[in-house]
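Engineer: Given next are the chains, with one letter for each unit.
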Amino acid sequence: MVIISLDLQSESPIYIQLRNKIIEGIASKQLRPGDPLPSVRTFAQDLGVNMHTVNKAYQLLKQDGFIQIHRQKGVVINPDGMPSVDENYLANVRENLRPVISESVCRGMNKEEFIKLIQEVYEEIQKGGEHDDLR
Amino acid sequence: MIYVSMLLIFLPLVLITAITPYITRKTESFGITIPSDVYQHPTIAEYRKKYAFQSGLAGVLILVILGIAAGFTTDYLWTILYTVGIFVYILVAFIIYFQFHKRMKQLKEKENWKSKKKEVVAVDLSFYNKKLTYSNGWFLLPFIITVFSLLWTFWNYDRMPEKLPMHYTLDGVVTDWADKSYRTVLLFPFIQLFMLGLFVFINIIIARSKQQMDPANPEESIKQNIIFRRRWSLFIIISGTMMVLLFTLPQVSFVYPIDPFISFIITMVVVGVIVIGAGVLSIVTGQGGSRVNVTNRKTGEIMNRDDDRYWKLGVFYFNPDDPAVWVEKRFGSGWTNNFARPTSWIFLILILLIPILIAVFAS
Numbered sequence: 013m014v015i016i017s018l019d020l021q022s023e024s025p026i027y028i029q030l031r032n033k034i035i036e037g038i039a040s041k042q043l044r045p046g047d048p049l050p051s052v053r054t055f056a057q058d059l060g061v062n063m064h065t066v067n068k069a070y071q072l073l074k075q076d077g078f079i080q081i082h083r084q085k086g087v088v089i090n091p092d093g094m095p096s097v098d099e100n101y102l103a104n105v106r107e108n109l110r111p112v113i114s115e116s117v118c119r120g121m122n123k124e125e126f127i128k129l130i131q132e133v134y135e136e137i138q139k140g141g142e143h144d145d146l147r
Numbered sequence: 383m384i385y386v387s388m389l390l391i392f393l394p395l396v397l398i399t400a401i402t403p404y405i406t407r408k409t410e411s412f413g414i415t416i417p418s419d420v421y422q423h424p425t426i427a428e429y430r431k432k433y434a435f436q437s438g439l440a441g442v443l444i445l446v447i448l449g450i451a452a453g454f455t456t457d458y459l460w461t462i463l464y465t466v467g468i469f470v471y472i473l474v475a476f477i478i479y480f481q482f483h484k485r486m487k488q489l490k491e492k493e494n495w496k497s498k499k500k501e502v503v504a505v506d507l508s509f510y511n512k513k514l515t516y517s518n519g520w521f522l523l524p525f526i527i528t529v530f531s532l533l534w535t536f537w538n539y540d541r542m543p544e545k546l547p548m549h550y551t552l553d554g555v556v557t558d559w560a561d562k563s564y565r566t567v568l569l570f571p572f573i574q575l576f577m578l579g580l581f582v583f584i585n586i587i588i589a590r591s592k593q594q595m596d597p598a599n600p601e602e603s604i605k606q607n608i609i610f611r612r613r614w615s616l617f618i619i620i621s622g623t624m625m626v627l628l629f630t631l632p633q634v635s636f637v638y639p640i641d642p643f644i645s646f647i648i649t650m651v652v653v654g655v656i657v658i659g660a661g662v663l664s665i666v667t668g669q670g671g672s673r674v675n676v677t678n679r680k681t682g683e684i685m686n687r688d689d690d691r692y693w694k695l696g697v698f699y700f701n702p703d704d705p706a707v708w709v710e711k712r713f714g715s716g717w718t719n720n721f722a723r724p725t726s727w728i729f730l731i732l733i734l735l736i737p738i739l740i741a742v743f744a745s
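Residue numbers (my numbering), protein chains in the order written: chain X, 13 to 147; chain H, 383 to 745.
Same shape as in the complex, but just chain X (with noise of 0.2 Å):
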């Protein structure tokens, strides 16, 4: 059972939280390639959101080559594989990090610290599964 659960008070948009949610389902193989995803306007309705914010996260999801969406089979999660590591990705990873990172150090947190933080988010992400835990 995947559990899809959106913080409806948090600053960043529904379309974003959605897209990120299924991307962590997938890196937490709970959904696996050529998985089906809910329709645009059954995902809406369940989460009680405009169907434009739903298609918006299917949008992207799309650009980047995690989800097929066909007019027949409906959505699923990219049957040929997911998209890679790229240059554009690393630098975008990088300008994703800076701002995260230095807001560490400010506050004190040293290298060892920052890497082991990122080992147990991975850890964690990896062994997914925790399906009573919506926070």
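Worth double-checking, as some hints may not be accurate.
As the list claims (entries may be wrong) - Some chain H residues well away from chain X (every beta-carbon gap over 10 Å; in silico): (1) ALA440; (2) LEU473; (3) PHE476; (4) VAL505; (5) LEU523; (6) LEU533; (7) ILE604; (8) ILE620; (9) GLY654; (10) GLY659; (11) ASP703; (12) TRP727; (13) PHE729; (14) LEU734.
Claimed, not checked - Below 30 Å or equal to it, Euclidean Cα-Cα: the simulated BS3-like pairs (lysine-lysine) are: (15) H:LYS500 / X:LYS139; (16) H:LYS512 / X:LYS68; (17) X:LYS33 / X:LYS139; (18) H:LYS513 / X:LYS33.
Source of the hints: derived by calculation from the structure; they are not laboratory data.
The structure displayed is predicted, hence computed values, not measured ones.
Yeah, the Cβ is synthetic: ideal placement off N, Cα and C, and Gly gets one too.
Got chain X; can you put chain H on it based on the hints?
Structural biologist: Same frame as chain X, now just chain H:
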């Protein structure tokens, strides 16, 4: 006889109204979203008790008035009075509910639950792949009954009398006769067909309506919700079949007259079983399956999404952003519409219009 029908329909209505706050989901109370772990809060428990008492008392009072009136009025007048009484009761019960709705709103602001909890919406991606309802194939039986009723009508047309009884009082006295024609004899088979369509439609709604879970207890609330949907689906199939079967009765009586008293008894038994069945099912299962026992109920830092602003007066869902047409009722048992969706209105109008058209066609 009048008293029997009164007790059979009015009493269960009063009972189910009075206990409504006890059968709602743990995530809402009097149409207000609450974190599921404050459901047992002493003030809310007191509201529930007071509401049950007040609405129960109002129901009993109206029942007594109707009972006394039965001794003084004619059957015809009393039937009207009885119908009015039911509507008055529904209105009074709503006013009582609304007082507690307002108090609940104030309590929620005072206790500040929202700032202590994180508001979350959760969705199970494979929810609709689970077996949520019983197959529409079960409606084959009432369908065969309806077809039989149609064919039987054509075969026996010549044997039916020139004047057909169309309307009975509660005591089984014929008050309305109609001249025989293909249109008039087709009234009941058409009603059967309409009911069949309606019940299939409800079964589809039960399968497709919006997924609603308590994010504080995701797995448990999903299990409860599946049980809730399946039980109501089964109820719809059984009661639908009973209703369709019941409407073959007047059709048969056109050719083989049935003692009005016996057909009254049969009607009352069928209606009684359905009404009481619905009541028992509501109590045992609870709205959304909230009364189905599941293990390890957790308390936590999260609460279900607060969509109070879309629930007008706490009972009418109006959310233009939400594509859902059918949603679970908040205060009550069963489902309601998202009134912001035109589809809702189309279906509501059709459900009202088709019986009127059938009646006009037959007259």
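Engineer: Are any of the numbered hints broken by this structure? If so, which, sorted upward?
Structural biologist: 4, 7, 11
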